[in-house]
Amino acid sequence: METLEERVKRVLQEEVSIDSYNPAWPRMFAEEKRHLLNCLPHELIRRIEHFGSTAVPNLAAKSVVDILVEVTSLEETKNRIVPVLEAQGYDYFWRTDVSPAYAWFIKRDSSGGRTHHIHMVESRFEQWDRLLFRDYLIDHPQIAREYEVLKRSLAANCEHDREAYTKGKTEFVVRVTQRAKEFYAR
Numbered sequence: 197m198e199t200l201e202e203r204v205k206r207v208l209q210e211e212v213s214i215d216s217y218n219p220a221w222p223r224m225f226a227e228e229k230r231h232l233l234n235c236l237p238h239e240l241i242r243r244i245e246h247f248g249s250t251a252v253p254n255l256a257a258k259s260v261v262d263i264l265v266e267v268t269s270l271e272e273t274k275n276r277i278v279p280v281l282e283a284q285g286y287d288y289f290w291r292t293d294v295s296p297a298y299a300w301f302i303k304r305d306s307s308g309g310r311t312h313h314i315h316m317v318e319s320r321f322e323q324w325d326r327l328l329f330r331d332y333l334i335d336h337p338q339i340a341r342e343y344e345v346l347k348r349s350l351a352a353n354c355e356h357d358r359e360a361y362t363k364g365k366t367e368f369v370v371r372v373t374q375r376a377k378e379f380y381a382r
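The numbering used here numbers the first residue of the sequence shown as 197 and each following residue consecutively.
By construction, these hints were calculated from the structure, which means they are not laboratory data.
Mixed in with the good hints, there may be bad ones.
Calculated cross-link-like contacts (lysine-lysine; reagent style DSS-like; alpha-carbon spacing at most 30 Å) [to be verified]: (1) LYS363 <-> LYS274; (2) LYS377 <-> LYS258; (3) LYS229 <-> LYS258; (4) LYS365 <-> LYS229; (5) LYS274 <-> LYS258; (6) LYS377 <-> LYS229.
Put together the whole structure using the sequences plus the hints.
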């Protein structure tokens, strides 16, 4: 049986590939949102949002739909949501590489390819700033193009190193998120 360390290493080495925008991504989000609302305890779920590059029309992205789920309690998420989604075949990780830690799930298709990343956080977590980043990219297509160029370059150079790919985007994401906070605060 695979240890946690082996699982983490395996998923971090999975291929990073950027694809042209797929108009099916919003539908994939809507279907997964419906599924989550139907199978998870309603009292633990507050909102479910589509974020990341697949939520930005016409932006190239990894073909993985990112979903941000607000939960009322991460402790209850571990006890009541994790068993449900693991039983359905989702990979589960307790993300301790960020602070505060949170629940993260990978949904895969029948061939083992990633289709969705589900991030479960409480309302006070900074991950909600990612919605500002998403909205800023939608409202500023030239910035979205710059992001696409960066992602394509990183994917070409970090094909089997998801950590390096993500770290390579960090400065851009932080800078644009700060700009978005200022822009939307007006």
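Those earlier numbered hints the structure runs against, lowest number first: Of the numbered hints given earlier, the structure breaks none, since each of them holds.
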